[in-house]
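Chemist: Spelled out, the chains give:
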Amino acid sequence: MDRPIRVVVAKPGLDGHDRGAKVVARALRDAGMEVIYTGLRQTPEQIVEAVIQEDADCLAMSILSGAHNHLFPKVVNMLKERGVEDVLVVGGGVIPEDDIPGLLEAGIAAIFTPGTPTSLTIDFITQNIKK
Amino acid sequence: MDIKAGLLKGDKRAAARLITLAENGDEEAVRIIRECYHLTGKARIIGITGPPGAGKSTVTDRLAKLLRMQDKKVSIIAVDPTSPFTGGAILGDRVRMNDLSTDPGVFIRSMGTRGALGGLSKAAHDAVRILDIFGSDYIFIETVGVGQSEVDIVKLADTVVMVMVPGLGDDIQAIKAGIMEIGDVFSVNKSDREGAERTAVELEMMLDFNKSSDFRPEVINIVARDNQNVDKLLEAIEKHWEYLCTKSNYQDRKRNSIHTEIISLINQYIITSIQKNNHSNLIQSMVEKVLKKELDPYSAAIEILQSVPIITTVQHDN
Ligand code: B12
Ligand SMILES: Nc1nc2c(ncn2[C@@H]2O[C@H](COP(=O)(O)OP(=O)(O)OP(=O)(O)O)[C@@H](O)[C@H]2O)c(=O)[nH]1
Ligand SMILES: [Mg+2]
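Protein chains in written order, with our numbering: chain A, 1 to 131; chain B, 1 to 318.
Hint data in this document are derived by calculation from the structure and do not stem from the laboratory. All values reported here derive from a predicted model rather than from experimental measurement. It cannot be assumed that every hint is accurate.
[Said to hold, decoys possible] Only some residues are given here: those of chain A computed to face chain B with a beta carbon under 7 Å:
hint, residue
1, Glu-34
2, Ile-36
3, Gln-46
4, Ala-50
5, Asp-99
6, Leu-103
7, Glu-105
Built from N, CA and C at the ideal position, the CB exists for glycine as well.
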């Protein structure tokens, strides 16, 4: 593919842990992607708007605060309501093993927890974008 | 998705998708822009430029909010550098504009330079046009802060706002050659910091020397972070617009930029038709001839040009 993959990296909610999101953003950039970094404390509405206006191929959200079961599905549903079906949604952060099946069911394509090498994320995104 | 119909209705998704197509050099984008070209020219185009970290995004955010209070439709194109090594980029300007992103009257798009020099991306021109057709009243373009080679923005914008910061001192001297001619309005942002007044005075002095235009740019101290004096900055932008509208300045400016654009399109079309028609063999054989001194490079270039049917290959189907 001769065009860069565009990824919105977002931190939903009040969670102030942004190291992981920055690590992921840099890794994706180094893999040749255009990363739209939106910063801390995003509302689901802001994230959805950013995905639309940036015409992103992928939305990558990071949560370490424990609010993932609420916020991840909420964003996915809002995207659906706006008719955005062709964007790959992935998530990461401190997320207990037990919560992952539910999140996958809710429409998050994959969850990446601490210790996962960023190369896995890069491969996953490259192979699964829908556009 | 019917992109053209969506764009004409002011649909953000359609505008966003069309900008992507333009960035990726898709011919569909050129087709739609050509069909809608007659609708362009309604938006005011404001360039925001200045050194890295000066506060360009913050200033843009604050200006946009003022215009929203006047119920103007605002679009923002924010350009950040693409890594020449990986082709990737981190586009971080949205961080400063977060609460604008859910405003229905605002559209924000981040772009990587994708190898272009001069502080803008190649598709920035197209993006401006698309957002003009989309119905924007104002389009802001935040350039990459690179100093010297920042000239592209002048061709694209009606008004260029230079965002400076206190304490640039010698740096101003060093980069003034590039900067003093570019700015139509100068703002000294971060005027909460020491040396803001002095920087403003230095700028005023340099502007006194610069007699190349009969318009004297204003210098305004602002604190964008705290929203101080941003209204004054907007007034100065409007004053520059009034100046453009009097006399034939605006027409002259447009005439120049259209001229530049046509020339650059001609260049681009020649190159594409040579590449498209697989003339690389021809070029290769010319290289060999020049190498053997059977031919000189000047004649080789002319011969290649003569054998390329430029017009027919770039003619779009109408
Ligand atoms: C550093 C840290 C902090 C720093 C944060 C600095 C910063 N700017 O980020 C500070 C000291 C500020 C802090 C504060 C707090 N923290 Co803290 N913090 C940590 C700690 C020790 C490490 C996190 C970290 O930076 N890791 C390094 C980065 C690189 O790794 P990462 O974020 O996990 O990211 C990797 C992967 O998860 C994945 N990834 C992450 N996001 C994404 C996204 C995508 C899309 C993908 C693909 C992958 C991906 O890839 C990354 C690279 O491998 C963790 C414990 C831990 N071991 O995780 C607790 C932890 C996250 N903190 C915790 C808590 C409770 C807090 C506080 C509430 C404490 C308090 N009572 O004040 C505050 C809240 C702050 C706030 N405003 O939100 C808890 C969260 C509990 C929970 N989830 O239920 C943890 C888990 C500690 C614990 N065991 O209790 N914290
Ligand atoms: N002290 C002070 N800081 C400010 C002011 N305006 C912006 N900043 C801060 O300056 C930093 C850079 O601001 P940005 O708006 O991102 O600057 P920029 O020119 O867009 O930066 P790049 O796009 O990276 O070149 C941020 O931390 C802002 O909060 C101001 O008026 N005073
Ligand atoms: Mg910026």
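Chemist: None of the hints should be skipped; say for each whether it holds.
Modeler: Checked hints:
Interface restraint check: Glu-34 (chain A) against chain B, minimum CB-CB distance 5 Å, threshold 7 Å, status holds. The closest approach between the C-beta of Ile-36 (chain A) and any C-beta of chain B is roughly 5 Å, which is under the 7 Å cut-off, so the hint is satisfied. The closest approach between the C-beta of Gln-46 (chain A) and any C-beta of chain B is roughly 5 Å, which is under the 7 Å cut-off, so the hint is satisfied. The restraint placing Ala-50 (chain A) at the interface with chain B holds, with a minimum CB-CB distance near 6 Å, inside the 7 Å limit.
With 7 Å as the threshold, the beta carbon of Asp-99 (chain A) stays out of range of chain B, its nearest partner Cβ sitting at about 27 Å, so the hint is violated. Given hint, Leu-103 (chain A) at the interface with chain B, is violated; its Cβ is 25 Å from that chain's nearest Cβ, farther than 7 Å. Checking Glu-105 (chain A) against chain B: minimum C-beta separation of about 27 Å lies over 7 Å; hint violated.
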